[in-house]
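Use the sequences and the hints to build the structure in full.
Per the numbering used here, the very first residue in the sequence shown carries number 4; after that it's consecutive.
No lab work stands behind these hints: they were computed from the structure.
Note that the structure is a prediction, hence the values are computed from the model and not measured.
All the given hints hold, so there is nothing to weed out.
List of simulated lysine-lysine pairs, DSS-like, C-alpha gap at most 27 Å: (1) K198 with K52; (2) K246 with K172; (3) K170 with K113; (4) K241 with K370; (5) K170 with K119; (6) K172 with K114; (7) K119 with K246; (8) K198 with K93; (9) K241 with K172; (10) K170 with K254; (11) K198 with K75; (12) K119 with K75; (13) K370 with K201; (14) K170 with K247; (15) K52 with K201; (16) K254 with K241.
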Amino acid sequence: MEGAVDEDGRGPSIWDDLCARPGAILNGDSGRVACDHYHRWEEDLDLMKELGFGAYRFSVAWPRILPNGTGKVNEAGLAFYDRLVDGLLKRGIQPMLTLYHWDLPSALQKKGGWQKRDTPLAMGDYAEIVARRLGDRVRMWTSINEMPCVIDAGHRHGDHAPGLRLKEKGVRQVAHHVLLGHGLAIQGIRAGCSKPPKVSIVHNPWVSIPFSEEYAHVDAGRHDFVENNDWLMGPMFKGSYPKKKLEALGKDAPRIERGDMRNICQPLDFVGLNIYAAHLMTHAEQGLIAYPKHHPRTHMDWPVTPDVLYWALRFTHEAYAPGDLYITENGCAWPDQVDGDGRVQDLSRVQFFQEYLRGVQRACAEKLPVRGYLVWSILDNFEWA
4 MEGAVDEDGR
14 GPSIWDDLCA
24 RPGAILNGDS
34 GRVACDHYHR
44 WEEDLDLMKE
54 LGFGAYRFSV
64 AWPRILPNGT
74 GKVNEAGLAF
84 YDRLVDGLLK
94 RGIQPMLTLY
104 HWDLPSALQK
114 KGGWQKRDTP
124 LAMGDYAEIV
134 ARRLGDRVRM
144 WTSINEMPCV
154 IDAGHRHGDH
164 APGLRLKEKG
174 VRQVAHHVLL
184 GHGLAIQGIR
194 AGCSKPPKVS
204 IVHNPWVSIP
214 FSEEYAHVDA
224 GRHDFVENND
234 WLMGPMFKGS
244 YPKKKLEALG
254 KDAPRIERGD
264 MRNICQPLDF
274 VGLNIYAAHL
284 MTHAEQGLIA
294 YPKHHPRTHM
304 DWPVTPDVLY
314 WALRFTHEAY
324 APGDLYITEN
334 GCAWPDQVDG
344 DGRVQDLSRV
354 QFFQEYLRGV
364 QRACAEKLPV
374 RGYLVWSILD
384 NFEWA
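See the structure below:
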């Protein structure tokens, strides 16, 4: 989004490193320029105001604040986010700040990254630094964006930065450290803010849509939701890993130090859900059902599943009671064509949002504590490998 990867004292991130690796990124693309938001932020904020935005969710680049991951703070980096936050407030747009959207400083990765306990400790310090600077103006704070992508895409499958393919024990230890980083960041935010913040996680849960609203199908969908999400959501909201799964891991279970679960399970004011598509779930023997080939799909080849927002909100509320609920990402990719007068005839996207928002309306009608919905995204951006 920002570009300007080596300007004004910003240090390199693990995504800069992955982009420099031949063959790692399609077409050799990178985030060096991306949307050039670092230079065009005022123009971008004017577009948001023109579109009538009530809120804007953005992420802070850790290596822009702490080029070495820890130690000396880069004043120019903090000053950029000062300008961004002030610009949003001036235009009547509420900032929602995410501390970590995958761009770990390269200096920390060289020391082991999320495989090492020093990284979550560093994240707690980083969070407090940012909160002390922006906490007088930013009310809504989230710690980490999409833990499963950090853990699995980055450390199990190797498609995302840092591009590792660890064995099971290594992946589970990374997951534990990411959870610990979340908890320490929440504490850092609260310690640093001069006004009481609203704090949360942004999660992309696995969601299965019940085959029908018959009780057995709904119960199967609810069970599947907990079964697939409890490894990460359980520690955050209940203070423990699922016992049977932890025991089944045996020697691959993560090393948990005294006080870790207490640090991970911090009180949260809301939860942000990033939701795009889902699976179908039946109580019958086959369980998950694949959508047929002719089912409508986006340009990412993700099935269009409008009911997913309702079921994601409902199952999250029923399983974890996290307080207020926000859809922090929802959107679609299409092969847009710009016509002669510079417009995109965006009927597919309009229809997508109309259908998906009905699920949010239903959740609100059923008195679920839904407080906001944010579209992904304001601009086409560099995503990802």
